[in-house]
Amino acid sequence: MPQQVGATPQAAATLAISGAACDSRVVAPGNVFICKGAAFKPAFLTRALEAGASCYLCDQVQADELLRIAPTTARLVVNDIRKAMAIVSAAAWGHPDTDLRIAGMTGTKGKSTVAYMLRSIADKGEPYAHASIMGSIETYDGIEREESHNTTPEAPDLWRHLAQAKATGHDPMIMEISSQALKYERTLGLHVDVVGWLNIGRDHISPQEHKDFEDYFTSKLKIFELSDTAVVNLDTDHLDRVLDAAHKQHIHKLVTLSARGSAASNASTNTDVSNPPADIWAENIRVEYDTVRFCCHTPQWTDTILLSMPGVFNVENALCAIGMAQQLGYSQKEICAGLARCHVPGRMELSSASTPHIIGLVDYAHNQLSFQKFFSSVKQSFPQHKIIAVFGAPGNKAYERRQELPQEASRWADMLIYTSEDPWYESAEKICQDMIAATPAGAHYEVIVDRTKAIYRAVEMAQTWHHEGSDSIICMLAKGDEVESHEGDAFVPMQPDGDVFAQAMGTYAQRADAQA
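Take the sequence shown: its position 397, counted from the start at 1, is 397 in full-length UniProt numbering, and no numbers get skipped.
What the hints contain is simulated information worked out from the structure, not anything from laboratory work.
Source: prediction; values computed, not measured.
Built from N, CA and C at the ideal position, the CB exists for glycine as well.
Heads up, a few of these hints could be off.
27 Å max Cα-Cα, derived DSSO-like pairs, lysine-lysine [said to hold, decoys possible]: (1) 83 with 41; (2) 453 with 386; (3) 453 with 397.
The calculated label-pair distances, taken between Cβ atoms and stated as ranges, are [what the hints assert, rightly or not]: (4) 23 with 228: 32 to 40 Å; (5) 26 with 214: 30 to 38 Å; (6) 254 with 508: 52 to 60 Å; (7) 26 with 447: 35 to 43 Å; (8) 425 with 23: 33 to 41 Å; (9) 146 with 380: 33 to 41 Å; (10) 509 with 191: 53 to 61 Å; (11) 80 with 437: 34 to 42 Å; (12) 492 with 403: 24 to 32 Å; (13) 79 with 214: 23 to 31 Å; (14) 492 with 447: 14 to 22 Å; (15) 37 with 506: 39 to 47 Å.
Starting from the given sequences, assemble the full structure and let the hints guide the process.
Shown next, in the form of structure tokens:
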């Protein structure tokens with residue numbers, strides 16, 4: 001990476017560098033400012049220097065223009081801004097990964113749940129006391145706490161959070177690692193103590209993300225470059241390729257899991273390399289209204305695990321968390337207690353406003369694989385309830401969801417209500433029309449673009465069904481407990497789905513009382 005330094009090359013040697021940033025609004029004195037992105041403007045560099053940036057990083061395309069703006073400022077000019085940004089950010093923040101335990105997981109579904117399970121284990125009953133987290137729901141590093149906009153942030157932000165977690169003693173750092181982060185080198189140079197592989201399905205395929213499934217899958221597999229210890233779900237699709245990638249990246253310790261029980265694992269007799277035995281496995285799974293219990297077997301112990309959340313698919317999430325927690329050094333007692341008290345915001349979250357006849361269920365399910373696991377679990381837990389599914393699809397990305405989600409949901413739900421979900425620069429009405437076009441013949445659906453009105457309509461429909469003698473469950477999907485909607489360049493405040501459901505239930509209860 002060639003270097004160009006203002007008027008004098010010696011200036012670089014005397015720079016006091018502390019940290020890096022690619023957003024001029026958050027630059028602190030001493031930061032390296034990174035000039036990158038399609039939306040970058042030269043004025044951002046001026047603003048960063050005014051805020052105290054000590055030097056800047058840019059690519060060859062921008063070099064001449066930025067030199068005219070800051071002719072005496074030290075800089076680094078590179079050919080590959082993505083890789084350089086990761087390397088420079090790690091160095092500028094002092095490589096905190098060398099003094100911080102890090103657990104990172106990937107998968108098409110389940111990353112957030114595993115992350116929160118691990119966090120609950122690490123926090124030992126004291127929320128925010130010990131662990132830090134970066135993921136699709138929340139980012140917390142001991143100093144900053146905010147709703148996440150990216151599952152895995154850009155490299156300067158990623159390394160800032162790691163440095164702050166180290167400084168505040170919030171160890172371990174628990175990270176969801178996205179395909180985008182792996183593809184675009186956000187995690188380049190990061191050492192992770194243990195990585196977890198959950199599953200693979202089709203998602204994030206669009207001109208802005210991954211051109212096809214192969215690109216998505218190959219990007220995911222790069223997670224094995226970050227560690228020498230991995231926990232792998234044997235129930236994943238394309239298992240042979242996953243295990244092959246782990247071995248090629250010289251994973252020295254491979255821990256395997258299966259939620260299919262001892263018959264599937266057959267640890268004592270299975271010698272088939274294409275179907276290896278599981279090190280951690282579950283049996284005697286018992287699903288109740290809002291809990292799941294199962295017997296967990298590990299090489300070190302066997303115990304009954306209680307999950308205080310519905311969803312049989314959470315068994316494999318728990319097994320992954322158990323395997324990763326063991327590699328981080330947590331005991332049987334700490335793991336069992338942490339899983340029993342774990343709550344994941346917006347994941348299979350039953351509303352307290354639910355009644356025996358009308359249940360409100362909030363979940364972040366947003367792709368075909370998560371819909372399959374979500375709805376099959378709902379059917380198993382609530383077999384007598386009719387299902388109303390309220391969901392949309394995002395704008396400007398993951399276009400396959402507009403076809404796959406209506407097709408998958410129509411297999412399970414009695415009524416589909418299409419609504420808004422982070423339309424970004426597209427029209428929510430147009431996205432809903434795309435979903436209508438993919439809806440199988442005979443499926444019942446309505447379109448209510450306003451998400452609040454869509455949930456009110458679902459409650460109204462459920463009330464009608466109750467009077468006709470049918471119980472129902474309203475599934476509010478994709479947004480979880482989020483309080484913002486991505487519309488254009490803005491994140492617009494919104495009420496969480498669960499709050500809207502509770503208000504709607506209260507409104508209709510008041511109407512019923514008035515009529516009585």
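Okay, the hints, checked on the actual structure:
1. 83 with 41: holds, 21 Å
2. 453 with 386: holds, 20 Å
3. 453 with 397: holds, 25 Å
4. 23 with 228: 32 to 40 Å: Since residue 23 and residue 228 have Cβ atoms about 33 Å apart, the given range 32 to 40 Å holds.
5. 26 with 214: 30 to 38 Å: About 36 Å separates the Cβ atoms of residue 26 and residue 214, which means 30 to 38 Å holds.
6. 254 with 508: 52 to 60 Å: holds, 53 Å
7. 26 with 447: 35 to 43 Å: holds, 39 Å
8. 425 with 23: 33 to 41 Å: violated, 20 Å
9. 146 with 380: 33 to 41 Å: At 35 Å between Cβs, range holds.
10. 509 with 191: 53 to 61 Å: holds, 54 Å
11. 80 with 437: 34 to 42 Å: Taking Cβ atoms as reference, residue 80 and residue 437 lie about 40 Å apart, which means the hint holds.
12. 492 with 403: 24 to 32 Å: holds, 27 Å
13. 79 with 214: 23 to 31 Å: holds, 26 Å
14. 492 with 447: 14 to 22 Å: holds, 20 Å
15. 37 with 506: 39 to 47 Å: holds, 45 Å
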